[in-house]
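Hints in hand, dock the two standalone chains.
Quick note, the sequences are listed as chains F and P, same order.
The opening position of the first sequence corresponds to residue 1 in our numbering, with each subsequent residue numbered one higher.
The opening position of the second sequence corresponds to residue 1 in our numbering, with each subsequent residue numbered one higher.
Please keep in mind that the hints were generated in silico from the structure rather than gathered at the bench.
Among the clues, some could well be false.
[Said to hold, decoys possible] Across the chosen pairs, the derived CB separations fall in these ranges:
no. : chain 1 : residue 1 : chain 2 : residue 2 : range
1   : P       : R37       : F       : D85       : 32 to 42 Å
2   : P       : T283      : F       : L136      : 37 to 47 Å
3   : P       : K55       : F       : M94       : 41 to 51 Å
4   : F       : E204      : P       : R37       : 40 to 50 Å
5   : P       : Q35       : F       : Y71       : 32 to 42 Å
6   : P       : L43       : F       : G101      : 48 to 58 Å
7   : P       : V58       : F       : R91       : 38 to 48 Å
8   : F       : R143      : P       : R289      : 19 to 29 Å
9   : F       : F105      : P       : L135      : 53 to 63 Å
10  : P       : S285      : F       : M139      : 22 to 32 Å
11  : F       : L51       : P       : Q170      : 26 to 36 Å
12  : P       : K55       : F       : F105      : 45 to 55 Å
[Unchecked claim] Here's a subset of chain P near chain F, in silico, CB distances under 7 Å, partners left out:
no. : residue
13  : A268
14  : E295
15  : F314
A virtual CB, placed ideally from N, CA and C, is assigned to each residue, including glycine.
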Amino acid sequence: MQLVELLASLLLLLSFAMLAQRRIASLVNLFALQGAVLAASTVAVAASAGLHHLYYSAALTLALKVLLLPYFLRRLIARLDLQWDTETLARIPMQMLAGLGLVIFAFGLAQPISRFGHEITRETLGIAIAMVLLSLLMMIGRRKAVSQVVGFLALENGMVFAATTATQGMPMVVEFGIALDVLVGAVILGVFFFQIREQFDSLELRHLETLKED
Amino acid sequence: MTLSALLTQAAAVVTAAALAPLLVGWVNQCRAWLQNRTAPPLLLPYRTLRKLLHKDAVLAESASPLFRAVPYVVFGCMLVAAGIIPSLGTDLPAGRAADAIALVGLFATARMFMALGAMDVGTAFGSLGARREMLIGFLAEPALLMVLFNVALISGSTAMPVIVDRLVAQGFAVNPSLAFAALAFVMVLLAENARLPIDNPATHLELTMIHEAMVLEYSARHLALIEWAAALKLFNYACLGFAFFLPLGLASEDTGPTALLLGATWLAAKLLLAGAGLALFETLSAKLRVFRAPEFLAMAFMLAVLGLLTRLLFSGGVA
Chain F
1 MQLVELLASL LLLLSFAMLA QRRIASLVNL FALQGAVLAA STVAVAASAG LHHLYYSAAL
61 TLALKVLLLP YFLRRLIARL DLQWDTETLA RIPMQMLAGL GLVIFAFGLA QPISRFGHEI
121 TRETLGIAIA MVLLSLLMMI GRRKAVSQVV GFLALENGMV FAATTATQGM PMVVEFGIAL
181 DVLVGAVILG VFFFQIREQF DSLELRHLET LKED
Chain P
1 MTLSALLTQA AAVVTAAALA PLLVGWVNQC RAWLQNRTAP PLLLPYRTLR KLLHKDAVLA
61 ESASPLFRAV PYVVFGCMLV AAGIIPSLGT DLPAGRAADA IALVGLFATA RMFMALGAMD
121 VGTAFGSLGA RREMLIGFLA EPALLMVLFN VALISGSTAM PVIVDRLVAQ GFAVNPSLAF
181 AALAFVMVLL AENARLPIDN PATHLELTMI HEAMVLEYSA RHLALIEWAA ALKLFNYACL
241 GFAFFLPLGL ASEDTGPTAL LLGATWLAAK LLLAGAGLAL FETLSAKLRV FRAPEFLAMA
301 FMLAVLGLLT RLLFSGGVA
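So that you can see chain P by itself, here it is in the shape it has in the complex (with noise of 0.2 Å):
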């Protein structure tokens, strides 16, 4: 392990840590200005964070140990995540270590423990939003594997930094496999991050919630990890569309920190862009019943699959 792999490592972590309470704030000002608000300012989720933090930490009675345990795992979750995802070079030691599968293995467990904290308290909201988070989660899970296994077939390998790689190597070239791939990992990203057609981030209707449901119970630190780790998740799916889909400006192996600087350039534009491209969906989609919600995972798997199918029709490789 090279000094240059640790820099990578540890910007990699500590760009995703610092750099995701702004994606959101920067997702909620285009939001708000698309529909004609006044604009929170942008730095308004660090302020949340660090008013959350100052203050003292209420529990329920009934709560257990395991739901004071759960943001910290959570939140642990999507930073060992941010570690594996390829977002400013490609030479991350952890990358090799955990692959692809690893990666929805950590979101899984994210979400197990964000659901079982909800269940915990015994509200009726917690584990109402508990169980359509598993709903969703449980759909949007293999559709996500298939996008993993799209890319992993390309470059025959399930190890992130290394498809990197052989993504950028093979050059820019429209895959019908690949333009699949894309169009159901947005689905994927949409829903898991509880976004609009599936989840309202700004709901405030008890009823519809999904994600605010399952962290109504918690305040203080506990409340600042959680969003915190929401943020981080939305980071991580827009890094990892970025390293499958649009691999421009990883710094790759043994180069210095002049690449990495210029990788983390990269990185902000295309987070300005999907940004300001998320706030555009979610302003001209409508929020989809949650019996549709089915309906839209299953669109998600097929195109994955679809996109699996083609490539091994036009490799010529169909059992």
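Chain F with its partners taken away, still in its complex shape (with noise of 0.2 Å):
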């Protein structure tokens, strides 16, 4: 019980942190590092609710979060030669206060409904709820492809936790397919980064912003 609450506030203090980084291939790290807390915590909530099928999820996601994908987005990462690149992020401050903003909403969103959730995982959906919203507001954030995409994946660890909190665990079939789904998604998103690169020499997305040439 109280093991989950102190992951739980670990995975809001490492969305945080990631809405902070400004380097490219620390995000990756606190992304697995992330993955790997998120594993733990659905192996504490499967401790204590006796529930065997949250191990099976807890190794999916210890096996895709924190070694394929980190394992994939570094490669992707030395490929592109972006080891020491870093977002030129303007206002930290001003992020962390709509940071805390959102945590605040998703706290009070959170509030009515896990008056019907169970016993142990009562309190963590409002964390939930609130790592979905920050790792948005990371995406809305950044200007590099690559950390979009760490937004992304990291939105889904957010799902994740939602999902094994509150209803204790989605089906088998349900968890295997996102899995699926992610990891498709990540390695089709790495083949756009070389096609966005080769068009614009750059990884920044605001060359897609205009449709058309001048």
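In structure tokens form, the structure reads like this:
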């Protein structure tokens, strides 16, 4: 019970750390760490609720989000030569305050819903919603394609956390389906990166804002 | 007010005043060791104070009486703060008279007088340092208040002896909101005491100075008091952190001098570790640009508010 709360707080903290991280390579490390904490929290919920299928879900999270996807992203970064690339994030304090506002909103939103939740995980739904909203905020604030993809993957982390806490995990079929979708999505986006760079000589997304060349 | 309460009170103030320069000396020594330099003697800050107290003070022609009063006001503020913070025991009569918010007010008063004194003479560096100090101060203060609200919310009181007593009674448990608050507090401590990511305490490059730029005009006993007050501030912050996040071995109410001695031993051990930790952190980190300081302190503020929010969430009390 207390362990779940602690891990949930850690997940929220990692979301904020990703929001403030400038270096893309460190962003991927933070994402891997978030996946590890997510797997640990799933195990904690499984152990305290005695639900066996959540162990498989945790193993899936561990394999996909701690090992496979970060490995894929790191290789992508190495091949695109982005190891030392940084985002030019202007207003980090403003983003932090906006993030705090989102957290308050999410907690308020979760309050009436979580009354129907299970005993162990009642309070953590607010944190799951906050994680989703924070990843969206991160995607809004970023200009580089790679960090937007990391934001998208972090959003999926939030969804998985919401699923484990609110409804004690989705059916295995759905979970496998989502995992496969995320994996394929990341691979396809990786191919897109090369195409984008071929076209524009950069991975900044503002080049994609105009439809036609002047 | 019992005799033991008076004893605790007097011991807290005297220990703070006597040990503060030692803490600074210890941090400097650890830093020197870690940087492969020959370490200065542990008692160097005391010798500096004695040397400065024996010199004749020189004042700028344009200095007003305010300039002369500033060292005494700042030192007085820090001494009073040392009387409020439960460093050795929680049986503090002054701690019941002034709560955590009054403590922040005391720090703010000291900071304001420092800034006024720095601007008083009218040199460029003085006012530059004062402006930067106020920038850091106005960002660090809300973060510190939020940290205090965190522990106040957990214990249901803003009087520091009561907070510490309740935290001790609660026993050791990993509380997410306390962990957040502790992280935020360490960041505020670094910023407020002119330590490394914000200000380099050993700098001689005027353009990057914050605290040092403000004290350039002081000499002799005035400078001694200012330096002593800076050491006391670090000591006070360290004791505040120990009281909230590591309340081990504090003497409780109605205990004799033996409990105080035990408390002093614990305090010495904690200061030894914290000083070494501070030196290690300062060796490993580089100074942030001044314009990055708001980011650092926004992070501290955010951590403290997150602690507050998770506390409200887990106790089921979000409005």
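Hints, verified against the model:
no., hint, result
1, P:R37 - F:D85: 32 to 42 Å, "holds, 36 Å"
2, P:T283 - F:L136: 37 to 47 Å, "holds, 39 Å"
3, P:K55 - F:M94: 41 to 51 Å, "holds, 49 Å"
4, F:E204 - P:R37: 40 to 50 Å, "holds, 45 Å"
5, P:Q35 - F:Y71: 32 to 42 Å, "holds, 38 Å"
6, P:L43 - F:G101: 48 to 58 Å, "holds, 51 Å"
7, P:V58 - F:R91: 38 to 48 Å, "holds, 45 Å"
8, F:R143 - P:R289: 19 to 29 Å, "holds, 22 Å"
9, F:F105 - P:L135: 53 to 63 Å, "violated, 30 Å"
10, P:S285 - F:M139: 22 to 32 Å, "holds, 30 Å"
11, F:L51 - P:Q170: 26 to 36 Å, "holds, 31 Å"
12, P:K55 - F:F105: 45 to 55 Å, "violated, 60 Å"
13, A268, "violated, 31 Å"
14, E295, "holds, 5 Å"
15, F314, "holds, 5 Å"
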